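K.L.:
The primary structure of each chain is shown beneath.
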Amino acid sequence: MTGGEGSDPRRPPGVPRRRHITFGRRSVAREVERELRAHLRLKEDELIARGMSRDEAAREARRAFGDERVVAGECVAVRTGRAASHARRERWRSVVQDARIAVHGFRRAPGFTAVVVVTLALGIGANTAIFSVIDAVVGRGVPYRDPARLMAPSLEENVSISKQRLELIRARQRSLTSVAGYSRWGLTLTGSGEAEQLQGAVVTADLFDALGVPAAIGRTFVDGEDRPGRSDVVVLGHGLWTERFGADSGILGRVLRLNGRPHAVVGVMPPGFAFPVAGARLWVPTTIVADSTDDYVSGYLLMVGRLRPGASRDASLADLRRVVRELAAERLAGFQPGDESTVRIVPLGDVLVGDVGRVLFLLLAAVAFVLLIACVNVANLLLARASARGREFAVRASLGAGRGRLVRQALTESVLLAVAGGAAGVLLALGLIHAFAASVPANSPGAATIGLDLRVLLFALGLSLTVGIVFGLAPALQLARGAPGDVLREGGRGGTMGAHRYRLMRSLVVGEVALAVVLAIGAGLALESFRRLQGEHPGFRAEGVLSFSVTIDATRYPSPESQAQFFDDLFDRLGAVPGTREVGAIHLLPLAGGNWNPSLVIEGRPLPEGATPREVDWRLVTPGYFRTMEIPLLAGRVFEETDQMGTPPVAVINRALADRYFRGENPIGQRVRTFFEGRGNPATIVGVVGDTKDQALAGATRPQIYRSFWQRPQTWMSVLVRTAGSPSSIAPAVRETMRALDPNAPVTDVRRLIDVVASSIAQPRLMMWLLGLFGALAVGLGAIGIYGVMSYVVQQRTPEIGVRMALGARPLDIRRLVLGDALRLAGIGLGLGVLGALALTRFLATQLYEVSVRDPAVYAACLVLLAGIAAAASWLPARRAARSQPTDLLRVG
Amino acid sequence: MAGSDLYTGTLDLLVLKALSWGPMHGYAINKWIRERTAEAVMVSEGSLYPALHRLERRGLLSEEWGVTDRGREAKYYSLTAAGRAHLRAEAERFTSHAATVAAVLALRRA
Chain B
1 MTGGEGSDPR RPPGVPRRRH ITFGRRSVAR EVERELRAHL RLKEDELIAR GMSRDEAARE
61 ARRAFGDERV VAGECVAVRT GRAASHARRE RWRSVVQDAR IAVHGFRRAP GFTAVVVVTL
121 ALGIGANTAI FSVIDAVVGR GVPYRDPARL MAPSLEENVS ISKQRLELIR ARQRSLTSVA
181 GYSRWGLTLT GSGEAEQLQG AVVTADLFDA LGVPAAIGRT FVDGEDRPGR SDVVVLGHGL
241 WTERFGADSG ILGRVLRLNG RPHAVVGVMP PGFAFPVAGA RLWVPTTIVA DSTDDYVSGY
301 LLMVGRLRPG ASRDASLADL RRVVRELAAE RLAGFQPGDE STVRIVPLGD VLVGDVGRVL
361 FLLLAAVAFV LLIACVNVAN LLLARASARG REFAVRASLG AGRGRLVRQA LTESVLLAVA
421 GGAAGVLLAL GLIHAFAASV PANSPGAATI GLDLRVLLFA LGLSLTVGIV FGLAPALQLA
481 RGAPGDVLRE GGRGGTMGAH RYRLMRSLVV GEVALAVVLA IGAGLALESF RRLQGEHPGF
541 RAEGVLSFSV TIDATRYPSP ESQAQFFDDL FDRLGAVPGT REVGAIHLLP LAGGNWNPSL
601 VIEGRPLPEG ATPREVDWRL VTPGYFRTME IPLLAGRVFE ETDQMGTPPV AVINRALADR
661 YFRGENPIGQ RVRTFFEGRG NPATIVGVVG DTKDQALAGA TRPQIYRSFW QRPQTWMSVL
721 VRTAGSPSSI APAVRETMRA LDPNAPVTDV RRLIDVVASS IAQPRLMMWL LGLFGALAVG
781 LGAIGIYGVM SYVVQQRTPE IGVRMALGAR PLDIRRLVLG DALRLAGIGL GLGVLGALAL
841 TRFLATQLYE VSVRDPAVYA ACLVLLAGIA AAASWLPARR AARSQPTDLL RVG
Chain W
894 MAGSDLYTGT LDLLVLKALS WGPMHGYAIN KWIRERTAEA VMVSEGSLYP ALHRLERRGL
954 LSEEWGVTDR GREAKYYSLT AAGRAHLRAE AERFTSHAAT VAAVLALRRA
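Chain order of the listed sequences is B and W. FYI, in the numbering used here the residues of the first sequence are 1 to 893. FYI, in the numbering used here the residues of the second sequence are 894 to 1003.
Extracted from the complex, chain W is given alone in its bound form (with noise of 0.2 angstroms):
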């Protein structure tokens, strides 16, 4: 559910880790975050681009259009320098949580 407050801060992260690793356009983001969690944090792929706009306009993100190599017009995103140290901040914050997460992924396994 795209901007729902249970989602929103989990997938703002997982955006901007996607982009960690280079610009991406949106449809290979969500590609990225759904192969990783399944689909516990984007109900459908719309979901994804009120987030990408919301970080673009918080500076944490710079759009521009581009082609795909098979000739398809995309809107690439790609980290700026705010996006990466937010980045960073977010994802110690989140760690705090992690113990939590690691006992729901140990649950699993039980």
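Okay, chain B solo, but in the shape it has when bound (with noise of 0.2 angstroms):
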């Protein structure tokens, strides 16, 4: 055992030598050095006697020495009294002593880590992904000038209004510095290269001062641009300047052919600018908007208004409605008394971004609750985990490390275990947040700026932290608590656990099936209320119906005869196309965005005094639409190819609106008119059809007329071809047919009816799949915890349970004692998760489709559901109690 050469502990050394004592810093080290160069000879002489050759034996003596500076340095420092500053640096390299020390561990529990890991970085990854969508939809506010005093007023919510009204608010206001009118506008750009279909938008002159955006290059609109008479104007978005026109820098005053009409280039925006929807790539005056001085109550745009300083958003409010009072009382423009009431002004950011923005930030609560539960797992792993630790822990405390030094140990394994969950998670949310981009209206502002960014991996960052002190401080602290001795005894023969441990570790477990209750309950709402949308018959067969949009040139097809003989020729060859069974055209396409609704005037019968205009969505289409999307004729005839433009106008209405407007009498035979029929023109109602929901799946049908297209030709259509086989196959030939026929008509939005539908209500599905996966994670996790803490529960009480059995329990009393003790478990969570979801699933209540917050079979499916996991999840535990044997029972420690 004793190493005999030379180090005798208890022989004195011979022939001892005093020796100068010195203080300065440079000899103390130089002693210090000699003396654990010393040590590292013996050492080496030792190893060498063993059998080592010299180079081993150094290299042996180095390693079992540990690290020669650190050492010396320390020595060093106590002995010129330099201990304090020392320590401090000392204090960093035991932090990362402690990261060593956890790593360390986690090797040896690769088990734990990774269940650890794997449930942080679920919770993690999905808060960031919802962080960084929310982030780049609603937290970057609107890119404008002080955004936040730029308002969105609206006579009556999302509805637009008519340019001489705007203008005559415009005039009369006082609380706005400019109130500027916009649309979304589609533009086709001709001429130079292929013809290209490009989304834009016509403005009011004075928006872009209203946004407080200058031109990059030239200038904006300047002042009276959009009045009629001035020559055509366009602006370009950057990117649509460096992509088709080569970032060109003479481009200024080049003329560009847009909807066949001659635009000259007066500026070009700054890169990032695009409004009012990401995809906006020009703007042109409202002069493109052919206007009519007859019909002041039907509008296209919508205001945007920059508040005044000094002018709140009430006070405009105010202002607001006092003008429109004003111009009713006046007769003006058509205003009605009482139309004041409707008036609105709302943040543009709230316009802009819309709904989505609610049901982002009501992911976000669910997501966050998704964590919460993630967090409680760990803490209850770690709190298990630290039992089994609890007599390392205790025989550190008794050989003097103090409570802070155990809980810095404690804390360290828990951030790096939110650290690690959190990378993963990050690459995680890479995933999540592709498919989320993907799911989010194209046209919110940020929409195309989602991703993974800094600010969205510092979130990430904060949130590891901050989850890791959090789910580590309760083990942690529970570990440094009460005496050693206790927990010695405690632990020595694992006959009891540690009450406080054990309440906490239960309550914990309450805690987390009450979350999961909750999101359980609100993943069934969304899910109920989808599949109700979904049942939601649209009043046309979509499926086996292809559709896409063409767009002819106004100057090679000035005329309406030369329009309606394109389009004439076109559905002739699309009807030869192989495949084809129908083929029919409508200028706004069902369920895709959109709407004409101007007020219906019905000859003969006068609006009394006051009343509301009889409002329609107004529709062209051609004859073979309504066979084509298999819309019922309920009375009457549809359109025949006889009524031609020479030939008395016709309409034909649906249900709807007979039911509204001519409740109880025979519609046809009546003459009607709209905005777009003009003063003189009225049309006869030759048909009713079945209605159909053009403008949502969601809601009630709306009144709708449609005319003839072979009446009142145009240059765009959206056409539908209803195949024999799949509509998808057919596309190439559609797009061949259009070449041959045109080659500068644009083909665009070619899409699978179907698809139409379903990306109407994608906002809902993307809603019902993150809250059905977010639930699915609540609940799958609880089921960990309760299996977890269960096991846990019946490895402590096996002494116990032991002794019971020795005493006669059967199999079934024991296992019925610890089912009985995790449903007593699951069931007050569950009373909980009840009252919890109870109070906070109104807030999904405008999210949700004909399903009350309260709807009881959803509540009970989530129950039984989730009692039925609970007992499964303890089922395990349960067996294994109830299988083991009295003798083994009692011999465990």
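None of these hints come from the bench; they were simulated from the model. Small disclaimer: the values here were computed from a predicted structure and weren't measured. Treat the hints loosely; a few may be bogus.
Chain B is faced by these chain W residues, among others (derived, beta-carbon under 8 angstroms) [claimed, not checked]:
no., residue
1, G919
2, S937
3, E938
4, G939
5, S940
6, P943
7, H946
8, R947
9, R950
10, R963
11, E966
12, K968
Heads up, the beta-carbon is just placed ideally off N, CA and C, and yes, glycines get one too.
Please dock the two separately framed chains into a single complex, following the hints provided.
P.N.:
Set out below in structure tokens:
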């Protein structure tokens, strides 16, 4: 055992030599170095004596010694009285040391570590992904000057305004520095290269001033440029300028053909500017829209206003209401008394982001719940592990480790776990963000910028650290708690578990189950809502139909006759494509967004004084439209090929219109007109067809009036082809047909009609999927939590169970004992969860379709499901307990 | 781990105990402790030296250079009177933990 040679401790040294003791730092360092080297030499001697080579011995001696520089530094610090500053440096070193110990521990418990990291990755990843979407869509706000003062006034929620009315309001209001109008507008660019359909907007001349964004090159519109009679001008987006025109510096003054009319380029906007939607690439003044002084009521413009300095939103609302009241009193522009009651003014950001923001915050709340559950689970795992390690910590504590030191070690471990989980979570988020971004409506302002950037990474890091401290603190304090003797005695035979820790774990499980119930009910409601939404029949049969948009150049087809001729040829050729059964067209594709909704005038039936105008959705269709869409004819006839420009104008209405405005009468033969017919040219109703849902699958059907395309041709239509086989299969033939007919006419939006319908409910679908995913995660994590805690309880109660079995308890009794305990916990959690759901699901109410937030079926289903899962999760531990032999149980320690 | 609060008290005590048998150089003290405690108290051999210097500074040890019987140079430490007194007091204090430590040992045998 002893190393014999020369180092016999009991033997006094021979010929001791006194040495002068120095206090200089240098000489102290030399002295310490000499001492340590002496140690190494003695060690080497011993190793060589045991048969090692000199080199091996030198290496081994250094290894066994540890870090020589650290030791020397500490010795010098002790000797020179600089131990304090040295200790500070050492503290940092010991943090690293803590981390090393932690990592070592994780390696030894790979299963535990993997479960924790995966659990946290799910929680943090989902949160990071949702955060990145919120940050992009909502968080960064509107990219305009002083965006907080930008408002969206409207006469009524979601209702556009005519230019005449807008100008009257602009002239009379006093609370806004500018009142501008805009509308999304499709523009066909022809002439230079291939014809291209571009998304843009028609705007009033002051729009850019209102937004506070100047042009990067040239200018924006000047006052009056939106008045009829001015020459046509256009402002280009930066993207369009670089992609289509190669960032040509001589672009100003160049003339582009838009919708067949020449427009001079006056400016290019800075990069990143896109209004009102992410895809908008160019802007033209409102002059491009044929104005009518006949109909003040129908409009196409949405308003933007900038609050005057010092004016509040409320003050502006009052001001706008005053203006509308005055205009109604003066009988101007069709304003009616009482119209002021529906006037609204909301932040522009709300209008641009819309409902998406609300849904995203809802999802953030849901995903935060998931994270909370994940934390609870990890805390429980750590608590269980803590009891296994109780002895280790007790020994360390009895050896003099301070409580602070133990807490720090435990926290180091949990923070490391959280950061590892966070890193894995970011990877997961990368995938999720991709999926989310695809489902956020493209017109959300920030949609294009969704992604993983520094802010999102910082969020993930902050979240990980917080989570690490939150879930780590309770177990850490538990570990460091109490006198070491207690812990040792308690852990000694595993007879009982710490009462504190036990209570804590149980309440954590109850909380976890409650959270899982809330999420499951939320998910259930979203699922049920979506099921009902999907069950709504749109009124047409979308299966087997291909849709696409066609736009022709008005300069090449200047007359209505030539336009009609083009489409006639197109329909003929499409009809000849093999696999085509029916061909029809409509100017606004159902469920694809967009609406023309003028007010309806019925001849001989003037509206009573002060009555609300009869609002209808106006659509231009070909005779084949109803057959292609399989919309049933209920009375009269649909359009015929013989209804042409020269023949009397005819109209077809839907049942909703007949029911609303011709209640109990025969509408056929009645003469009606709207803004689009004009005063002298009423159309005669010849038929009634079934209702379709053109605006949204949810909600009531709206009154619709159809006019025949042949009586009122135009340059663009959405074409629908019903096919015998798969609709996608004829897409190439469609493109080929169009190329042959007119290579300059762009074909866009080639989609199956079922995809159009599906994307109209993309947002509720996404919400359902995500809430469903989060609910499933919550329930799964909850099950793991119950399983973990019950396993632990069984293990801890093993001696007790042994005693019971020795005293004659049957396995069935034991199983009942454990299951009963688990279900009691789950029951409390279920009860609390239901209370939580009743309190919280009301935030979901606006997102649900025809489902009450207290839908009893959903609640019942979720409770049964969760109770079943709780029973299943505790079944294994219960069986394990019941199967053990009494003798095993008593022997365990 | 040299100097960490976890081991300081214990290590100091064991050093004093080792030297109660007579003067020893660092390497020998190291060996003496390691052979009796496995690796529980000192992770590396070097971790002993800061403790030696600390005790020396507190006046519990005295030091002098000497030569081993194999002719190697080494610094020898021995207990001072204060060191001897400190060892007695601390040993007593530590004995209050004896039951605890005994429980640990009992566990290992179980």
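K.L.:
None of the hints should be skipped; say for each whether it holds.
P.N.:
Results for each hint:
no.: 1; hint: G919; verdict: holds, 5 angstroms
no.: 2; hint: S937; verdict: holds, 3 angstroms
no.: 3; hint: E938; verdict: holds, 5 angstroms
no.: 4; hint: G939; verdict: holds, 4 angstroms
no.: 5; hint: S940; verdict: holds, 6 angstroms
no.: 6; hint: P943; verdict: holds, 4 angstroms
no.: 7; hint: H946; verdict: holds, 4 angstroms
no.: 8; hint: R947; verdict: holds, 5 angstroms
no.: 9; hint: R950; verdict: holds, 6 angstroms
no.: 10; hint: R963; verdict: holds, 4 angstroms
no.: 11; hint: E966; verdict: holds, 5 angstroms
no.: 12; hint: K968; verdict: holds, 5 angstroms
Violated hints: none; the structure is consistent with every hint.
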